[in-house]
Structures are given as structure tokens and as C-alpha cells.
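Let the sequences and hints guide you as you build the complete structure.
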Amino acid sequence: MKPINTVAGRIAPLPINDIDTDQIIPARYLKTTDKEGLGKAAFYDWRYDADGNPKPEFVLNKAEYQGAAVLIAGHNFGCGSSREHAPWALMGAGFTAVVSTYFADIFRNNALKNGLLPVIVDEETRQQLVSLAEEDPTTTVTIDLQSQTITLPDGRGVQFPIDPFSKYCLLNGVDQMGFLLNLEDDIHAFEEANSQRVKTTA
Amino acid sequence: MPQTLFEKVWNNHIVKPQTSETPAVLYIDLHLVHEVTSPQAFTEIRSRGLKVRRPDKTLGTMDHSTPTTPRNALGIIPVVDGEAIKQLDQFTKNCADFGIPMYALGTENQGIVHVIGPEQGLTQPGMTIVCGDSHTSTHGAFGALAFGIGTSEVGHVLATQTLMQYQPKTMAVRVDGSLAPGVVAKDIILAVIAKIGVGGGTGYVFEYMGEAIRSLTMEGRMTICNMSIEGGARAGMVAPDDTTFDYVAGRPYAPKGADWDKAVAQWRTLPTDDGATFDNEVVLSANDLIPMITYGTNPGMGMPIDGRVPDPDKMGDVNQKMAMDKALKYMGLQPNQPLLGQKIDVVFVGSCTNSRITDLRLAAEMIKGRKVADSVRMMVVPGSQQVKKQAEAEGLHEVFKAAGAEWREAGCSMCIAMNGDQLAPGQYAVSTSNRNFEGRQGKGGRTFLASPLTAVASAVNGVVTDPREMFVPEMA
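Chains A and B are the protein sequences, given in the same order. The number in this note's numbering is simply the position in the first sequence, starting from 1, with 315 added. Residue numbers are given in this note's numbering: position 194 of the second sequence equals residue 188, and the series is strictly consecutive.
These are computed hints drawn from the structure, not numbers from a lab. Among the hints, erroneous ones may be present.
Stated by the list, open to error - Below, in silico cross-link-like pairs of lysine to aspartate or glutamate (EDC-like), each with a Cα-Cα straight-line distance of 20 Å or less:
hint, chain 1, residue 1, chain 2, residue 2
1, B, Lys80, A, Asp364
2, B, Lys189, B, Asp170
3, B, Lys362, B, Glu463
4, B, Lys437, A, Asp349
5, B, Lys163, B, Glu1
6, A, Lys355, B, Glu1
The structure is reproduced here in C-alpha cells:
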């Protein structure tokens, strides 16, 4: 994974509460064995009509929001299934961060493992970002991971939380599996000290 | 210091404790894998030249992208979707290459991942169980800590049998009293989610407790734990008791003989200690519950079946109003309208929430001697081949077929609309599954979530129906 320090870009407003992973990527696009190429499936049923034509009113189909890097959502983004295809699809569609007041647990974990930043802000900031994006689609924000700050166009910086381990991994491009693989001795010791619960190969 | 059930299971599985800089490293006793969320994890393992550390603690099954259509003359369930064929073939190869036992489509133990674990006796109290599937919370009904993970984490578990996790908070969900006839486990969990909302449990593990939970069968407890994630909680647990032990005893992977006695003695130490504290609490009275149904596009948009659809204009919060407007528009419903009497097109009895033998017995008992309305397609999809076999041994399939319902092969089916079973745009379904998200059961399809009893009653009348109207008192 590439190290991430700063994300800067235009913002797209999708101020809907409880956006679930079936909206982020419908299940019929999960019949893949790859991570790549899922961008076109992002929000597919909101983006396209029954004949596959783009719905002009949907934000991501509007010319002025093309190329946006930061999605501003409603509360509780990413609820529902555990599909990691959700962050893969969002990243495939060009997003590097999502802003909400809070995220569903599994989605947040999945996003962090792929370098998609889940940025948690207070409701006032979220609403301000939605207004800014709707009024002026050229609005850009800067998200600095080291200082855990999202900087609004007026220069106001808003801090956001992130767990120190994910932050370290993202800043340094460290993958988490490598960390676990280094714990071989500890894992072995645990297995020695605890009897096996079930043996599926029996 | 007194501990909760969750804390005991968590503490028993710590390989490395949580620090201010790093999450805890937890050992995983059982890893269930299926075809949809595992391929990219196996690719990762291969690309690093790794092995699966403990194939003997891993089990695969095919369930999500598999058809539930009848077998052909050779006894094979034909897969016609090219993408599904490729995914299933890849899964077969992945399991074979890494030595993971796997239940292939149509074989005797195949089924929905959250049905087969308990059925085989692999799901046991006090274990840690994960799967790349959010409904892994189901297994918490046994007093296991069980939760869904993403595909990166599937890779972590395949490679190391461990996971990095921050310790979640705990919420006691207490359901006092007892259920009236016609009101079942599904109604309890729909009421809990309606009360707390779909994000209410985010960051928590639930422990379900109280008289009403104690009185439930294991299948009922599984229905409840299954939908913990619909309230935002990654895991839900029920303390093991004699009901649990009776269910596990004698199953293929259950401990035997002296090992059984030893296991039960250990399991009896798991329930939450007197004086242990939770970070939060929700209390419901089962006495007050009537059958529940959802009207909207997430599982929190639920109400008593005799209720009226909320009026968005009466919502104080602008975000809530917008969400409700959007939901009602999608559902084609009017503010303040009742749902009773709403015409429906499809009834789906199945899914990891409600496809076990007791669910099917209840549905069969209700439909016996009645007919599915001409305007309704009713599908009954057993959760596993074993459930199917048992149901057929009891003649339940004949009851469903005589009523005009379809009796199908095992799988996730119309819960997820990625296997050929799906609603047509605009159709209304009463479904025993777990999600009513837009398009969940097919693009443009509209889902009312309810219990198997409500589903059957609605199938018979062709409109949303309160099952208590048809209820026979000797039913559960």
C-alpha cells in the first residue's frame, strides 16, 4: 500500500443518512474474484436507470462533480454488509476519503485497510461541507492525516479521530498482515497453551 | 472482578493485549469462508507465498452466488451464470489448494454459512468465530464471540489465525416478560432495531438477556443474534444454558464422552457474573410486543403490524425527514397509511435469519390446509441441505407444495439477489430475511421484513396480514 499523508480535492455531496453497502455496490457486482474494475458499480442503482442510462439528477453524474475526491455523506455511512467491495468501488470511482458524522464499524475497518480515509466530523461541520459543495462544486478541502485535520476553504481546521495503529500504517504504507505475520512466536505460544476447540478436517 | 460473557470470551482469546498504540490481537477458533468474500484474500495469500495457517480451523461452503433451482436428471443443481461459475470454480480451487474442507453446491452438508456452523456442532459456546459476512453475529446465540470481517481480514485470519481488534463496548439488551401467541423471535429483534435505529449499536457488542430470551429455542436466539448487525452491533451474544447444550449435544463436531462433560463444565462458567457492568442498556417488554413489520428501506424503519407509516413532515430532524421521504418514495407508500391490507407479489421464507427447521415447521403449520393467493409467488428456501432433508422427512415440503409454494434447494437465495432469485422492479415482498435496503432483493424490489408467521399469513391473503388472525393456539 502506498503511504498516505495528505488528501486534497473537490467534494461531492451525498447527504443521505444510513447509506448502506448495498447502495455503495449492489450485490450482483460481487460475483468477481478481483478488486479492480468496481468503480463503475459504485452507487450503480442510484446512478443508472433500469436501461443502464445515467440519471442526470444523481450527484455523481453531474459534470461539475466529476473528479471529486471526497464524498460528504449523511450519518452512519456504510451500514449493512461486510463487503470490502464497498471501499474498492468507492476508490475505483476516484474517492480517497468519505466524510460523515460516524461510520459503520465493518465499513470503517475495511476502508482503513485500503487507504480510503473515513473522516468523522461533527454535524455542524458536515452540514457546512454539504452546503459548500452544493453552492460551489469547485470547493476543495485538504485532509492532513499526520495532524488529523480537515481544512475547510475558509481556513478553519477541524480535527478528526483515527486509531493510532491505522494512522501509523496509512502514513507509512505498512500493511497490517505483515504486523501479524511477525507475531508467529506469540501465536504459536497461544496455540500451545490453549486446546483446539474444533477440528474441521476431522 | 465480575465480568460479562463478552469480556470472558474476549479475554480468553488475547494473543497480544491492546495497548495505547496497537489493537489487541485475538485468536480465532473457527473461520468460515464462502465464495463471495474470500477470492481476493486467497489471491493475497498466494502472492505472498503463504500457506493457510490452520486449514483445520477453517471451513468453506457455497451459498451466496449459488442458484436454488431444482436439480437436473443427474441430481446436479445447474449453475448458468458465467460469473458465478467462475467464482465457484475459483473457490473450489482455493479450498483444495490450501487443504480447507469445503461443502460444495448440492452436497449433503452444504448450506448458508450461518446455518451449517451450528448444525454441524462447529459453533460452540465461548469460541471466537469470524467470517467475511456481517451475519456472522448469528453464532453469538451460543455464547460465542462471532462477527463479520472484511476480505483483508479474511486474509489475516487465513495467514495467521488471528485478527487485530479494538475492544468494543458492551450493551445489555434485556427483553423481559413473555411473548404472546403469534409473536416470535423475529418480532423481538425487529422491535429492538426499530427502537435503537440502524446505527444505535455501532461500536457495541450486544448481550441479549431476560426471561423472553431465555425462553427461546436456539433457532429463535439465532434469529435475534443474526440481526444484531442491523442495529449496528458487529456481534450479539446469548449466555449459554441447558437449551444451548441440548442443541449442541450429539452434533457431528460436538465434544463426545468425557470431553463433553468437561466442555459443559467450562461453558457453565461463561455467563455474565453478578455485578458485572455494561456500557449501555436497552430494555423491552415482550408482553407488549405484537408482530412487527418494516415499511422503509432499512431494518430500523419498522413498526407494529397494525401501525401506520410515519409522516416525514412530522419529523423534527431535517436529515430524518429526508431519509423518510426517500424511503417512502422508493417503497411507493403514503404517509399515515396502514400496511395491513397492502397488496404483495412475493413471499420469501428463507435466509440465515429464518431458514432453520423450526422456522419451516412454524411456516408449514400455518399454511397447512390453506393456499397461497393466486396473485402471490411464495418461495420456501431451506437454509441447508440438512434442513431440507429434515423438512422432507417430516413432509413439510409436501405441505408447502400443496399450498402452492415453491420448495427449493438451499442457499442465500432472494435475500441477496445475486443468484437468480430476485424481485422484479416495483414488486412488493414480505420476506423473512434481514435487509430491506433499496434493491437488496432485486433492483427496484420493495421489501417488508417480518416473521415467518407474518410471511405465511400474508401469502395466503395476498396482502400484508396480521398472523394472529390465522393463528392456531398450539403453534409456538
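Evaluation of the provided hints:
1. The suggested pairing of lysine 80 (chain B) with aspartate 364 (chain A) is violated, with an alpha-carbon distance near 28 Å, which exceeds 20 Å.
2. For the given pair, lysine 189 (chain B) sits about 15 Å from aspartate 170 (chain B) by alpha-carbon distance, which is consistent with the 20 Å threshold.
3. As the CA atoms of lysine 362 (chain B) and glutamate 463 (chain B) are separated by approximately 15 Å, the hinted pair is consistent with the 20 Å bound.
4. Distance check on the hinted pair: lysine 437 (chain B) and aspartate 349 (chain A) sit about 23 Å apart at the alpha-carbon level, beyond 20 Å; violated.
5. For a cut-off of 20 Å, the pair hint linking lysine 163 (chain B) to glutamate 1 (chain B) stands: about 10 Å separates their Cα positions.
6. The straight-line distance between the Cα atoms of lysine 355 (chain A) and glutamate 1 (chain B) is roughly 43 Å, outside the 20 Å bound, and the hint therefore fails.
Hint violations for this structure: numbers 1, 4, 6, all remaining hints satisfied.
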